[in-house]
Amino acid sequence: MKLNGAAWKFGNDIDTDVIIPARHLNTSDPEELAKHCMEDGDPEFYQKINGGDVIVAGKNFGCGSSREHAPIAIKAAGISCVIAKSFARIFYRNAFNIGLPIFECPEAAEKIQPGDKLEVDVDSGEIVNTTKNETYQATPVPEFMQQIIAAGGLINYVSKRVKNNE
Amino acid sequence: MGMTLAEKILAANSGRDHVQPGELVNAKVDMVLGNDITAPVAIREFNKIGVDKVFNKDCIALVPDHFAPNKDIKSAEQAKVMREFAKEHNLTNYFEVGKMGIEHCLLPEQGLVAPGNVVIGADSHTCTYGAMGAFATGVGSTDLAAAMALGETWFKVPESIKFVFHGKLNPWVGGKDLILYTIGKIGVDGALYKAMEFTGPVIKELSMDGRFTMCNMAIEAGGKVGLIEPDETTLAYVKGRVKVPATFYKSDEDAQYSEVYEFDVSEIEPQVAFPHLPENTKPLSDATGVKIDQSVIGSCTNGRIEDLRLAAEVLKGNKVDPNVRCIIFPGTQEIYLQAMKEGLVEIFIKAGAAVSTPTCGPCLGGHMGILAKGERAIATTNRNFVGRMGHPESEVYLSNPAVAAASAVKGQIAKPEEVV
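Listed in order, the protein sequences are those of chains Y and A. Residue 95 in the numbering used here sits at position 95 of the first sequence, and the numbers go up by one each step. If you count the second sequence from 1, you need to add 166 to reach the numbering used here.
Next comes chain Y alone, as it looks inside the complex (with noise of 0.2 Å):
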């Protein structure tokens, strides 16, 4: 499956209290959570970005809270995809849970300039910077974060578990 949009840039650091705000916690409805996407870093995101567009961000990307509010709603926003220097634990186990794609590029996170517009392998980890003519490769999903992915979800996947008695 390849992704195509384009890239929105943040610096390192970038907390879930910046992608969600605590203020928005109230509710858990993924439409309500998608308005308020970023909010924090640029209050207009939401409505500057079109469906297919990609984070790309430095370091750390996704830390502080727990809150799986924060991948829900980069998804529900229509973000297709978040690249990074790093990702936060919590956040990068979420993402995956959820059905977000995540890729870990540093060399993307360096040389994307916001605007280039992107197309990203989700199942090679490639990323074709079509602006710029560059390509840059993401590190390779953990096999059993595959194995999740494959399943729909962490959901299915233990869904599947349960149904086969395992």
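To be clear, the hints were calculated from the coordinates, so they are not data collected in a lab. Check each hint, because a few of them may be wrong.
[Stated by the list, open to error] Here are the computed lysine-lysine pairs in the DSSO-like style, where the Cα-Cα straight-line distance is at most 30 Å:
{"#": "1", "chain 1": "A", "residue 1": "LYS322", "chain 2": "Y", "residue 2": "LYS85"}
{"#": "2", "chain 1": "Y", "residue 1": "LYS163", "chain 2": "A", "residue 2": "LYS223"}
{"#": "3", "chain 1": "Y", "residue 1": "LYS9", "chain 2": "A", "residue 2": "LYS539"}
[What the hints assert, rightly or not] Coverage of chain A stretches by chain Y, computed from C-beta distances (three or more under 8 Å per stretch; other residues unrestricted):
{"#": "4", "segment": "307-313"}
{"#": "5", "segment": "354-363"}
For glycine and all other residues, C-beta sits at the position ideal for the given N, C-alpha and C.
Start from chain Y and add chain A according to the hints.
Same frame as chain Y, but now just chain A:
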């Protein structure tokens, strides 16, 4: 080859003799935790799995502490989802308002976590229980849902970093200062994916409350767990309290660490983390004079009885500056009651501070002390991110309870010895 504390607990809970960093293990969980923000999402996911029962009704703790007592209709609806789930599944450890406390103060106090346990919680500060020698870490709601059904979860065995604390603590320096200092040294991703093991003569002498504070903030360095080897202090704490079997694991002499840090605490004064990251720490001497509008004392980091005693020691006979709102949050009902018995609550009220029922409220900008645009708070909480306590253009400085109390009196960041 020897194993670290983290490796030993994971090995024991996944039926293995030996594990090493990087391996994936399926570990049984002894306790899983959710709150009024994360549990409703977990319950929605749990209901999709296709099981009709939770794995063990005694091993799931649900605590409405974030937006409770409910701050608005939407949060009341969320809490209701959790309450009804707890009733439907006859959960032993649902804590209603009135019995509820801040989850990471409450679970150890109620004896629901034991040394050697594996605990996951849909709250990032679940790492607090590492203070008891438990492998405890934060996860998201979907992981919580899966664990509620299966009673197990997967982990990548983390590498461990050892932090050794030597020397003699200076006056007004405690667990909060040691952890802020550590985060200042290694950065907010300095322990990313790793286990942080705190050890050395200073930790040996540190009280349980101080240990909880340290392990609580392991996540602020990106750590998976913060761990302290259980000892006589731990034993005294768990005795008569913990209802489940406890195992006191110790790291082997020849255990492997990815890094070892040695700190001389004699050089450490109280620490203050400047906006907007917990790694922006400075010695208190470089922070004094910063004007504040609010002082928040409490939270899962510093809402325990020793924290309140420290605040009271500083506030006794003093008055909160007329330009400051000082809000104090005991971590649990038991801590609140103890504070009343010791006369601490009277000291707080006479000083002009507000004392609240336990809640996470202001720490995450939920309710009970939200900052307006341009306002500044000093807080004993754990995060000072942009907008953490309210308006995106407000600021939070992190400190220990004595410094927060002294600052409330002076109207600016101040040293405890200035008012005591």
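Checklist entry - Of the hints given before, which are not true for this structure? => result The structure breaks none of the hints.
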